[in-house]
Amino acid sequence: MTILTRLDQWRERGTLSPAQHALLSGHLRGQPFSLFLELNVLLYLGILAFILGLGWTVTTWSDQLGEIVILSALSALFVACLWYCFSRAPAWSPGETPSPNLVFDYVLYLGSLVWSVELAYLEHRHELLSTQSNLYLLATAGLFFFLSYRFDNRFVLSLALTSLAAWCGLSLSRWPGQQTEDYRQYAIIYSLFIAGAGVILERRGLKPHFCNTYLNLAANVLFWSLLSGVFKEHNNYGWSLALLAACGVSLAWGLSHRQFSFVAYAVLYGYVGLSAKILDQPSVNGTELLFYFMVTGTAVLVLLVYLARRFGREA
Amino acid sequence: MRAYSESDEEARRAHDLLKDWAGEGYITAAQHRQMQPETLCKLRRTNIVLRLVSFLFTLLVVAAAVGLVVFLQHTTNPVISVYLLLSALVCYGAVELAISQASLYRFGIEEALAVSSVGLLCAGLMVALQASPSSPARSDLEFLGPLTGTIFSLWIWYRFGLPYVFFAAMLFAVWLTTYLTSSRTEQHIAVAAFFAVAQFVVVATAPRYRHTYLQQRISIAEALLWLGIYLAFNVELSGPKSFWMDWGGIRTTAELPRPFYWSTWALIWCLPPVVLARGLRQRDKVVFASGILVTLLTLLTNKSYLGGERHTWDPMILGALLIGIAVAVRHWLATGPGGVRHGFTAQRLSGRDKSLLDAGVAAAGLVSPHVSPPASPAPTPEVRFQGGDSGGAGASSDF
Chain A
1 MTILTRLDQW RERGTLSPAQ HALLSGHLRG QPFSLFLELN VLLYLGILAF ILGLGWTVTT
61 WSDQLGEIVI LSALSALFVA CLWYCFSRAP AWSPGETPSP NLVFDYVLYL GSLVWSVELA
121 YLEHRHELLS TQSNLYLLAT AGLFFFLSYR FDNRFVLSLA LTSLAAWCGL SLSRWPGQQT
181 EDYRQYAIIY SLFIAGAGVI LERRGLKPHF CNTYLNLAAN VLFWSLLSGV FKEHNNYGWS
241 LALLAACGVS LAWGLSHRQF SFVAYAVLYG YVGLSAKILD QPSVNGTELL FYFMVTGTAV
301 LVLLVYLARR FGREA
Chain B
1001 MRAYSESDEE ARRAHDLLKD WAGEGYITAA QHRQMQPETL CKLRRTNIVL RLVSFLFTLL
1061 VVAAAVGLVV FLQHTTNPVI SVYLLLSALV CYGAVELAIS QASLYRFGIE EALAVSSVGL
1121 LCAGLMVALQ ASPSSPARSD LEFLGPLTGT IFSLWIWYRF GLPYVFFAAM LFAVWLTTYL
1181 TSSRTEQHIA VAAFFAVAQF VVVATAPRYR HTYLQQRISI AEALLWLGIY LAFNVELSGP
1241 KSFWMDWGGI RTTAELPRPF YWSTWALIWC LPPVVLARGL RQRDKVVFAS GILVTLLTLL
1301 TNKSYLGGER HTWDPMILGA LLIGIAVAVR HWLATGPGGV RHGFTAQRLS GRDKSLLDAG
1361 VAAAGLVSPH VSPPASPAPT PEVRFQGGDS GGAGASSDF
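Residue numbers (my numbering), protein chains in the order written: chain A, 1 to 315; chain B, 1001 to 1399.
Just chain A, same shape as in the assembly (with noise of 0.2 Å):
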């Protein structure tokens, strides 16, 4: 039986009311067919490429546009893109909002990267800050937090963590193999910073829905130091212990929280960081380690199914 029998059964029984029937029924048929998906992600691509080609420009140009030139541009820009959002921007709550309109939230994100643009030219040229030019990671995090919170926008609190993470030191371009005792250390507080402000943040009730994306961020990033300490740090039970711990934390968070992507962090990373330690012996044939994966992972599977019926059901 089709959806659309069923619907019809359900008008006829009187489930649905005729007007809900002729609206669902509309949908399926698409009518009126929504644009909604592509429009946004037009958008996104949209502010991306030309991003990417305005400072492709400004780095090639510069000293023929001339700094005037590129400078004013790229305020006009900046102050133009902010103009909107605070002159469309509904009155600020704690708990959701959403967008005035579909364009809204792109504007912001374009100003906040045009932003990170002109900073990035302005110190080249002028080193204003010389060497605490960090201070500029600082207070665009900064900026950044208040917009996001002030426009309810994930995409600019993205930036606003990757900018504070970046003032920690912190770049994808040293993991997982280049980190030093130093690195990883930073890497777990921030981590630990992120996660619990995320979640006090939430339990304030201070858009309580963006404390996924700072969890989301968060574990990746102690995962990943942790991971790196255990192939590191070979005679050093210590990190073997504290990746199982942050596994079983994250695994707690996750069934609790019905977050499976904690679950499937928990899973994962754990299972790589004890396959390491244990695999770690110069003794192990490939019988054994071939031996290893077969049974290790028919446990996991195992536990998954068993995490999968009694949490994660669908239908």
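Keep in mind the hints are simulated off the structure, nothing from the lab. You can trust all of the hints, since none of them are fake.
Listed next, the in silico EDC-like pairs over lysine to aspartate or glutamate satisfying Cα-Cα at most 20 Å (straight line):
#, chain 1, residue 1, chain 2, residue 2
1, B, K1042, B, E1009
2, B, K1354, B, E1024
3, B, K1042, B, E1006
4, B, K1354, A, E96
5, B, K1354, B, D1016
6, B, K1354, A, E38
7, B, K1019, A, D8
8, B, K1019, B, E1038
9, A, K277, A, E233
With chain A fixed as given, assemble chain B onto it according to the hints.
Just chain B, lined up with the frame of chain A:
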């Protein structure tokens, strides 16, 4: 012939739609509670994350088990090929068992087993042919590997409805053409012809499945085939001088014949409007998305085709064009009566769109592009701008 019964599949679809409609407020919670029991089915499903992890670990277990048997035997190619073929059989049997006995549906495990069965079957056949003592016979029969892969993938797709296996079938078909002819031009034409014939069949049968659970499956196949046809023609993406070939270390200096080259240029401009129009006409989101993708690819590769000089502002123009189109379409739709024009709207009508968008925002958050000042002042006055490392806020970038 299909592994899942029609009633189960329709019930599953109705169940998902009811959940979506209740989430969007089209039906009340009371109505949802009243209707939902009628949509229950015996299929066991799980959420997308556990499904992906289960898929990965099943692949790991299968690979380790097959590897272990082969490794332990220290044996020759003919025996290995028998092991691989037997493993394919076991995997396929396990899929059937997992579905008939445990009613697994998009659970990850049965999917990985199905994928493994395709891979093992082809690997077994190829190893068997490699082990063939007679060289001429071997080279004559090597096409059996991709041919079997194509047919078996299509069977898996038909029986279990896994859309990515259809994509695998397309890849096998591309591989197959390399055995048909050594001419690059003819290979492009053969691939396009294969996909065009398949598209004809898909398009011809699509109306029969409209508004049924099979509609999405057919839509995905159609979208993939449009993409395949497009890529077969776009020689800047799939030709001998494409960057894929460069990566694979098989870049050749062989030029394609000029008439063919310019015909493909004309075709990559003709196809996008056709695909977009088909997607809009059929109200098919997947085909429409495929149309958007091929349009973008045409815009991106046009300069390479024409041999034009690349400018730093090209991405800006493309970005401005995309933003402009999106804003104009949204404005045009929003100013229509009730935000609808000619049956199209910019409003969100389904919770699925929101879920996809949320997932996209989360992914974009992890790889957010960001330009930041360097940690220490640059030593040279020359301005450089190389973009940032994603996720690290570009802390390692140069400017």
